[in-house]
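S.K.: What follows is the residue order along each chain.
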Amino acid sequence: MDFEEHAAKPLLAAAGIRTPKGRLALSAADAALAATELGVRAVVKAQVATGKRGKAGGIKVVASATEATAAAERILGLEIGGYPVQRLLVEEAADIAREFYAAVMNDATSKGPLLLFSTAGGMDIEEVFATRPETVRRQPIDIRAGLDARAAADILAGLDLDAGLRTRLGKILAALYRVYRTRDAELVEINPLALTRSGDLVALDCKFTLDDAAKGRQADIAKLGAPAPATALEQRGQEQGLYFIELDGDVGVLANGAGLTMTTMDAVRHYGGRAANFLEIGGQSYTKATAGLDLVLANPNVTSLVINFCGAFARTDVMAEGVVQAWKTLQPTLPVFFSIHGTGEKEAIALVRRELGFEPYDVMDDAVKAAVAAAKGATARGSRP
Amino acid sequence: MIVRGHETLLVQGITGKQGTFWTERMLEYGTKVIGGVNPQKAGTTHCGVPVFASAQAAAKATRVDAAVMFVPPLGAKEAALDAIAAGIGKLCVLTEHIPAQDVMEILAVAKAAGTRILGPNTAGQVTTGECFVGIIPAFNDNIFRKGRVGVVSRSGSLGTLICLNLVQAGYGESVFIGIGGDPVLGTTMQEALMEVDADLNSDAAILVGEIGGTAEEDAAEYASGMTKPVIAFVAGGSAPPGKKMGHAGAIVLGDRGTYRSKRRALEAAGVVVLDMPSELGAALQDKLGPPTP
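Going line by line, the protein sequences match chains A and B.
Mapping of the first sequence onto this note's numbering: position 324 corresponds to residue 324, and the numbering continues sequentially without gaps.
Mapping of the second sequence onto this note's numbering: position 221 corresponds to residue 221, and the numbering continues sequentially without gaps.
The following block holds chain B by itself, in its conformation from the complex:
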């Protein structure tokens, strides 16, 4: 799911501390935030935009292309279903610790309604130089500079490190898609990779993966048919088996989800797999040539 600069954004949970802080940052960056949701404060103005009672009320009043949720776990399902019922086409779910079966219900309803979901448990998405959605410092030019590399990441902190290395090497991002750290996700790594592949502003893709699940293996299958170069880093090669490494999805069970399995699948698909994030610059230079100043 990619939000473009011309698209309008609704912030669910806009009046909270995080909602307020990041709405201000998104507006400064150029994101077209056109309103927020808080049933208790409907009719007021916050961060310079109107507050609505619900996403459905907002969609009646104005055009809403996308929404982002600053909503706690147990209110997440209701808020997401509200956004979907409002006919909003793109929904970014930042919330961590939503029960997985709630996520599945959200995704099933969203699919039937034609709403794309990013997350849950994601930092969000950046369309560099146009807009960002979520809790990412798109405005920090050590991390995000306009360029032609699309980055897809399961992790926010590691995605940031990769972007930092990318910018230090003289390149920049076309888009950053944080798909989230949960085991069940609205946009899989493979689906995000397909979007980078289809994106006219992206010349290459970087996959930032980690142990657990089969997202990297599935993405590798798609990458094998791509002409754009794909570079990957997979975290957790040194993690012990059977332990959840912070993210609910980052766990090796038996032979599934291992570093070895992911690396093998990616390399077999022609993806360059980095040992360390610091090797990114050299790999990009090899695939794209030297950065254009």
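So here's chain A without its partners, still in its complex pose:
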């Protein structure tokens, strides 16, 4: 779960990393008031849990209350990366001498934490890694040993930094690592970490992603995360404990397991159609076929449906039973195309045949092709007669 900047920065401050003075504002008038309170040049920043806010026009330096009002009004009307801007952070503007980049994140390749640092902060960091590798340090950390200030400073050796600055940055990196470890971050990033003209090191921005699996033991901060933008149907799915993503197509997809569901969506596209959703009822939710089907059919764009079960751990007969019950309750009239294989397939196929009168397809591809054709207006009714 991603945190907006205003929710992420206090985590840094609590670890002793300096952040600018400022506060949240929910309206243009309040933003102007906040800027006036600061009494200096201020920066008005859109609070959305996504990158490239600057490029999208979501960050503006202002020198007066009038400018703050104008900037806030404009930014509050923006939508950035699918997030409508509803909150602003108004902070004192820094007098920047140099900008650095610092981050700690989970790394699949080293199977542990990875420290990233660059003396070329403030810009698109992927571009910096590609074009200015000499400014970058990329250091896997032994999670058993951790990272202290001295070891962190040593990692920065050879970069364009004097000894004093390197020592101070080492302390900040060690503190950043503490935030990462104590707060179950997937990623905690400061960009830019500014050296001001008065010689202070200040975190001007912060990105923080909480590991969803650790929400339970990070309960005090888990509620501060920004939920990803969700449609009404997606919210309904969340309430039922189903992971549902609404897409812009018309072929409804119900499958078990993340990999098979994605593959079913891919097959819909491969055979010329467009999937209406991602919804998996595998894993621990394989008994949720009824709620799942209800959700898929609630999307008014859906004109045909493919149900693709491939049971390993998940039992297709249990899932099919859920579908049959849901079908009888909801009594949908749209055409449906089944493909059922793996654990429990004999019972599942017999059940669908007996209770619904549909004949599952032998091959997934044929079920998908038929569903695509039906969505395009073919007159086929239901699965293969």
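Keep in mind that a hint or two might mislead.
Counterexamples of contact, computed for chain B against chain A with all Cβ distances above 10 Å [what the hints assert, rightly or not]: (1) GLU28; (2) GLY30; (3) GLY75; (4) SER224.
Here are the simulated lysine-lysine pairs, BS3-like style, with alpha carbons at most 25 Å apart [claimed, not checked]: (5) B:LYS243 <-> A:LYS215; (6) B:LYS77 <-> B:LYS60; (7) B:LYS77 <-> A:LYS215; (8) B:LYS243 <-> A:LYS52; (9) A:LYS346 <-> A:LYS369; (10) A:LYS21 <-> A:LYS60; (11) B:LYS243 <-> A:LYS223.
Think of the hints as simulated: they come from the structure by calculation, not from any bench.
From a predicted model like this one, the values you see are computed outputs, not experimental measurements.
Think of the CB as a built atom: it goes at the ideal place given N, C-alpha and C, for glycine as much as any other residue.
Position chain B against the provided structure of chain A, taking the given hints into account.
M.R.: This is chain B only, laid out in the frame that chain A set:
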């Protein structure tokens, strides 16, 4: 990580519903389950094997080559560290939703101790005709038949579909290695591919990947130096960016982890990339010749 038929297996969490069901299936298939763990039921017998207080107690009493964990997320670290401390060489972690930093701690300790880890969030591993470990229907002969193709999969359900297509085409598996759907894994796709490459019973490898991370790109790098043919399917080509597609690891962030990047890397390494799983039979025939009856 591959468990062989002669190796002994300890089931951590053997007395739970899933632990019981799958222990019975593993025993039926031929897996040498020699015991289980449940501190509350130590000293009793379950599924016909002794229950121990800990993996360390089990390892004192008998030889344990491998362990499999049926343990909930927040107990996973403790159970894994117990198995590692017991000196068990191979550990299969089925559990989904273990906090990633717990996984990293487990992996760091395991590496120092010389324990191989498979998972987390995996369905497990099959050594066809010998044994299986985890929650895979190795006993379903529409999905698993003894053969000479090694399958490496991030997904359980899709891995099953691929195996189904493989068997329908007349071929069979030497091993199936489910590496798991988490972003941080004990055995990476590349490491599993190296094991299939080194496996004398495997003539070809199939990689079953999905969007997110760089596992397929890393595996491609190794595949480029292999003489055994490698065939791949990557799921998620039609997935929207920035959304987690069910698996914690299946997400495209910026330009990283995209379908295009994976497909390009695999094809550049000489790997045959399938558009659809149903093309598998033809690709195998092309690389291995017709199946032997």
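S.K.: Does each hint hold? Answer for all of them.
M.R.: For each hint, the structure was consulted:
At roughly 14 Å from the closest C-beta of chain A, the C-beta of GLU28 of chain B stays outside 10 Å, upholding its exclusion from the interface. At the 10 Å boundary, the C-beta of GLY30 of chain B stays outside the reach of chain A, the nearest C-beta of that chain being 19 Å off. With a closest Cβ-Cβ approach of about 13 Å to chain A, GLY75 of chain B is found to remain outside the 10 Å limit, as its non-interface label requires. Annotated as non-interface, SER224 of chain B keeps its C-beta farther than 10 Å from every C-beta of chain A; the closest such distance is 17 Å.
The hinted pair formed by LYS243 of chain B and LYS215 of chain A meets the criterion: a straight-line CA distance of about 19 Å does not exceed 25 Å. Restraint check: the Cα-Cα separation between LYS77 of chain B and LYS60 of chain B comes to about 21 Å, which is no more than 25 Å; the hinted pair holds. Restraint check for LYS77 of chain B and LYS215 of chain A: satisfied, since their Cα atoms lie roughly 16 Å apart, inside the 25 Å limit. A threshold of 25 Å between alpha carbons decides the hint, and for LYS243 of chain B with LYS52 of chain A the separation of about 17 Å falls inside it, so the pair holds.
For a cut-off of 25 Å, the pair hint linking LYS346 of chain A to LYS369 of chain A stands: about 23 Å separates their Cα positions. The hinted pair formed by LYS21 of chain A and LYS60 of chain A meets the criterion: a straight-line CA distance of about 16 Å does not exceed 25 Å. Of the supplied pair hints, the one linking LYS243 of chain B and LYS223 of chain A holds, its CA atoms being roughly 20 Å apart against a limit of 25 Å.
Consistency note: the structure conflicts with none of the earlier hints.
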